[in-house]
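Student: Read off the chains here:
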Amino acid sequence: MPETAGPVLRLAGVSRSYHDGSRDVRVLDGVDLQVVAGERVAITGASGSGKSTLLHLAGGMDLPDGGRVELLGEAIDALAEPHRTRFRARNIGLVFQDYNLIDSLTAAENIELVGWLTGRRLDEDEVRRLATELDIAELLDRRPDQLSGGQQQRVAIARALIHEPHLVLADEPTGSLDEATAARVMDVFASAVEARGCALVLATHSDAIAARCDRRLALTGGRLTVLNGGATEGAASGRTANPAE
Amino acid sequence: MMLARLSRAFFYRHPGQLAFALVGFAAGIAVVTGVALLRGSLVESLDAVSAELVGERSFVVRHPSGRIPAETYAALARTAGAPDLVPVLRAPVRARGTRLELIGIDPFTALGPVPGAESADPAGGWAAVFDPQAGQVPVAVSRATLQLLDARLGAQLTLEHNGGRSEVRIVSVVAGAAGLDRRLVADIARVQDLLGVRGWVSQLLAPAEAGPWLREHVAAPLVVEDASGRRASALRLTAGMRANLTAMSLLALATGLFVVYSVLAFLMVQRRRTFGMLRALGMTHRALGQMLVVETLMIAAVGGLAGLVGGTLLADRLLALVAAPVAEVYGRLAPAATVPGPGLYIAIWLAGLAAALLVTVPVLREALSIPPGRLVRAFGHAPIPARLLAALAIPPVVAGLAWVALDARLIAALGGLFLALAGLIVLIPAAGFGLLRWVGRRLARDAGGGLPGRALRLLESARGRLSPALAALSLSLALALGMAMMILSFREAVGDWVDRLLRADVYVSVPGRTLAADDKRRLAELEGVATLSSVRRARLVDDTRLTAYDLPRRAWEGFELLAGDPDAAWQAFDSGTGVLVSEPLARRRGLDVGDRIELPLPVGERTLAIAGVFRDYSSETGYVAVADHRYRDWFDDTGADSVGLYLTPGAMLAAVEERVRALFDEANVQTVTPADVRRQSLAVFDRTFRISWALASLVGVIALIALASALLAQGLERAREYATLRALGLEPGRLFALVTLQSGALAATAVAMALPLAVLIHYALTLLVQPRAFGWSLEAGLPPPAPVLWVVPAALAAGTLTGLYPAWRIVRRPVIAHLRAGR
Chain A
1 MPETAGPVLR
11 LAGVSRSYHD
21 GSRDVRVLDG
31 VDLQVVAGER
41 VAITGASGSG
51 KSTLLHLAGG
61 MDLPDGGRVE
71 LLGEAIDALA
81 EPHRTRFRAR
91 NIGLVFQDYN
101 LIDSLTAAEN
111 IELVGWLTGR
121 RLDEDEVRRL
131 ATELDIAELL
141 DRRPDQLSGG
151 QQQRVAIARA
161 LIHEPHLVLA
171 DEPTGSLDEA
181 TAARVMDVFA
191 SAVEARGCAL
201 VLATHSDAIA
211 ARCDRRLALT
221 GGRLTVLNGG
231 ATEGAASGRT
241 ANPAE
Chain B
1 MMLARLSRAF
11 FYRHPGQLAF
21 ALVGFAAGIA
31 VVTGVALLRG
41 SLVESLDAVS
51 AELVGERSFV
61 VRHPSGRIPA
71 ETYAALARTA
81 GAPDLVPVLR
91 APVRARGTRL
101 ELIGIDPFTA
111 LGPVPGAESA
121 DPAGGWAAVF
131 DPQAGQVPVA
141 VSRATLQLLD
151 ARLGAQLTLE
161 HNGGRSEVRI
171 VSVVAGAAGL
181 DRRLVADIAR
191 VQDLLGVRGW
201 VSQLLAPAEA
211 GPWLREHVAA
221 PLVVEDASGR
231 RASALRLTAG
241 MRANLTAMSL
251 LALATGLFVV
261 YSVLAFLMVQ
271 RRRTFGMLRA
281 LGMTHRALGQ
291 MLVVETLMIA
301 AVGGLAGLVG
311 GTLLADRLLA
321 LVAAPVAEVY
331 GRLAPAATVP
341 GPGLYIAIWL
351 AGLAAALLVT
361 VPVLREALSI
371 PPGRLVRAFG
381 HAPIPARLLA
391 ALAIPPVVAG
401 LAWVALDARL
411 IAALGGLFLA
421 LAGLIVLIPA
431 AGFGLLRWVG
441 RRLARDAGGG
451 LPGRALRLLE
461 SARGRLSPAL
471 AALSLSLALA
481 LGMAMMILSF
491 REAVGDWVDR
501 LLRADVYVSV
511 PGRTLAADDK
521 RRLAELEGVA
531 TLSSVRRARL
541 VDDTRLTAYD
551 LPRRAWEGFE
561 LLAGDPDAAW
571 QAFDSGTGVL
581 VSEPLARRRG
591 LDVGDRIELP
601 LPVGERTLAI
611 AGVFRDYSSE
621 TGYVAVADHR
631 YRDWFDDTGA
641 DSVGLYLTPG
651 AMLAAVEERV
661 RALFDEANVQ
671 TVTPADVRRQ
681 SLAVFDRTFR
691 ISWALASLVG
701 VIALIALASA
711 LLAQGLERAR
721 EYATLRALGL
731 EPGRLFALVT
741 LQSGALAATA
751 VAMALPLAVL
761 IHYALTLLVQ
771 PRAFGWSLEA
781 GLPPPAPVLW
791 VVPAALAAGT
801 LTGLYPAWRI
811 VRRPVIAHLR
821 AGR
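Chains A and B, in that order, are what the protein sequence lines are. In terms of my numbering, the first sequence opens at residue 1 and continues consecutively. In terms of my numbering, the second sequence opens at residue 1 and continues consecutively.
In short, the hints are calculated from the structure, not lab data. From a predicted model like this one, the values you see are computed outputs, not experimental measurements. All residues carry an ideal CB built from backbone N, CA and C; glycine is no exception. Possibly wrong hints are sitting among the right ones.
[Unchecked claim] So, partial list: chain B residues that the calculated Cβ filter (under 7 angstroms) puts toward chain A:
1. A208
2. S461
3. G464
4. E492
5. A719
6. E721
7. T724
8. L730
[As the list claims (entries may be wrong)] Just a sample of chain B residues kept apart from chain A, beta carbon distances all over 12 angstroms, derived:
9. E71
10. H161
11. H285
12. D316
13. G453
14. G733
15. A780
16. V788
Could you build all of it, start to finish, from the sequences and the hints given here?
Tutor: Encoded structure:
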């Protein structure tokens, strides 16, 4: 289980703009956020509000125009690209809305891919244990096109957790699933994250999914506002009880 | 309208793919056009002087010796009702490093109109050529020849002829007139003076209406040749070369079509999601098909036009490559420039459109199979079942083998080879990706799944996309390797043949003049000379070439008999009761030992037994070898073209050469050793095959375009996959290495697939195509390994480099851009 002294993720005054034709669109405007180990944070907001941009910046896949992004106390925006990539590989697990599994690889190979990328030799038992936990143990030899949407998403979750990252970033992890499947996927996702004690930041449209997190933050006009669960700076004591639970 | 907008929007987003499709298709069409123009020129213009001077349907009167005595001409011209006969004197010359022919004609005979002649002389046009007051010999040239010589109207040229030099001046330029290409036309009297020739002319030209009179009054040994005869002769002469050129150009087109297929398939896969949605919204199969067909036709139409322009430019480059071999191997002059015609252009353009439509069929089938509402973009990569593969591959291979076995013509050898390759190429993607999978697994097992193993594993998902490119690259590599193997083993065979054939220590000749019997006697008496041999060549009225040999017994070993008993053959040859025929002549006429050959000789027709068939690589037409004394019985000729000297033991070669030069007291006497002849022969050989190398290289370049296009398509198509890998932690450097490794692995796979095909092509060319095209057989030894050492590293490097741009393109974009693009 990952252990950290300070916040796992800290965004301080982060801004990001994009060029849209002749004008600049300010997607994030001085966002502050702290997430501690074991905490689950939901970011909600309308389409195009900047949820994905926030996650990309948090994962070091994009760089802010202003402000600072720290992961485990390290300013990842200040790292050179290869270092940032290695840092991300070791410490962050990513779950994409469209699963983004590699078509040519089996489910097992997709999960093991992270081991190769992080240079960590994964134990086959470890993969099988996680797969059993996510109820995909019987599907490990199948390729993505032989899996349903829910099964693919569970493979993607396994891939995000297998190397025990400190932070999991999930962009609309249940966005393309029906309600029942989404609830089931979220159950296993939440329990797997909880079991590993890592921090989770997920972007979602779904109130039901967001309600299962410790904190719900809304992104509007480029800024984060608290819907419940304390300040955007995060609970100093760690987890905050979610009234919805 | 909406369909056009959809297409346009897509191509705007992917200009690189559009460019690859256009370039690949244009390159294929360019090679076909270039070769077609060249082929046409070789047939139409090889000997079109008579057509140019006295009209299309003219007649040519020739003498077997190449010389019509002046009195024979005079007698004919004085015969009642004689048509206007144009006496012509022809001689090979060189100017500004270019091989030309000087043609002397009589201005007072009925020359046809020569339109478009312009002149620097006030006397004007064609007439300036015959100005008796002109200081330097005035000559007329075609416009293309003027450009070839990089000269201007009024320029002075120094001609090299018979070892001498003379100045002439270009006073007239004739527009068009391809028949006069590489030729200088002058007044026959001035040409006689210049060459020091008296008492004979090369040929007589007669207009079309002279046919009946000529047939009635021209008797043997003179022969009358009409336009169709000349054309048939040119066709026969160049059949092998033209067939090989056509085969290469079709291969280039096929490779270009691979590029088009690859791009069309990519365009389809990229829009799978869009097509699924459009189908769901109500787009009919017909409308979808219409959209893809129109796109294909647009690419083919524009690419085809660019190809026609490129091909026209290429044609003259190719012509420059064949000019030397045409002169050296066929003894004819190639035209100075190709002459394009609208009919040919339209035919090639339309054929290109049809071929492009053909490659659209499989793409169309796949597009039409997309169910409405299908929004998954993944490209199906289920391998084709083995049974279907066999069904696709075996019939063309069997048909090809059957064609070769049952039909002895050249077209069967080339067509059979094409069919066999077409069948085998179907198996390449399955075999190649099978190999990649096997290597990937081995690497994963042995190296714990490092970058190379992962790279190969990830290639699997692009199998459908990369299969055409892999097949195209394998085929072009196989062609280059197979051809190089054939050329090298042939080159070695020619070297060995020259070594074996030339037994004398040194050969003596005087360019432009015959060695008389007295010359031979004096050479035999030279100090250090033990014995001599001599050679005399003649051409019979039916175009059969005859070579008379006066050989000592030991020189006999130079003949490598392919059929016939050596002792019996020597007896028959030496006694004059039989003749030998060279292999090309035997193949061309279906002759064998024991058969009899009819020879139209000056003393009348003679039928002689064939005592042996010998190996000869000196000409495609072949010749009959007879004993010298037999030749003297038939021809009123005591001369020799060259004499071989066999030195006494201990005699110094340099000293003997010095004595030969002193003996002739002529600057242009030539003494060449067998080593010199070997070097010159191999130089001619190398020049002959330059065009094959050039065309093979063009095919290779088109195949690399196919590979680059497929890799770029793969990069675009797999943007999401690469983005995922980057997001999950693959650094830019490793992603670059991964993509480059993949392109290198593809090139290596293409090489692995190409090697067995190359050996097949080598043997097919050596054992089937060469004998049928040129009449030359080669021994079926192991293929030389040298081409593998050149081509394989070059292919691996080029293949890997081809992947660098897509790799760089992928890596330089930030992860976020890929993630967005992949959506």
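Student: If any of the earlier hints don't hold here, list their numbers in rising order.
Tutor: 1, 3, 4, 5, 13 and 14
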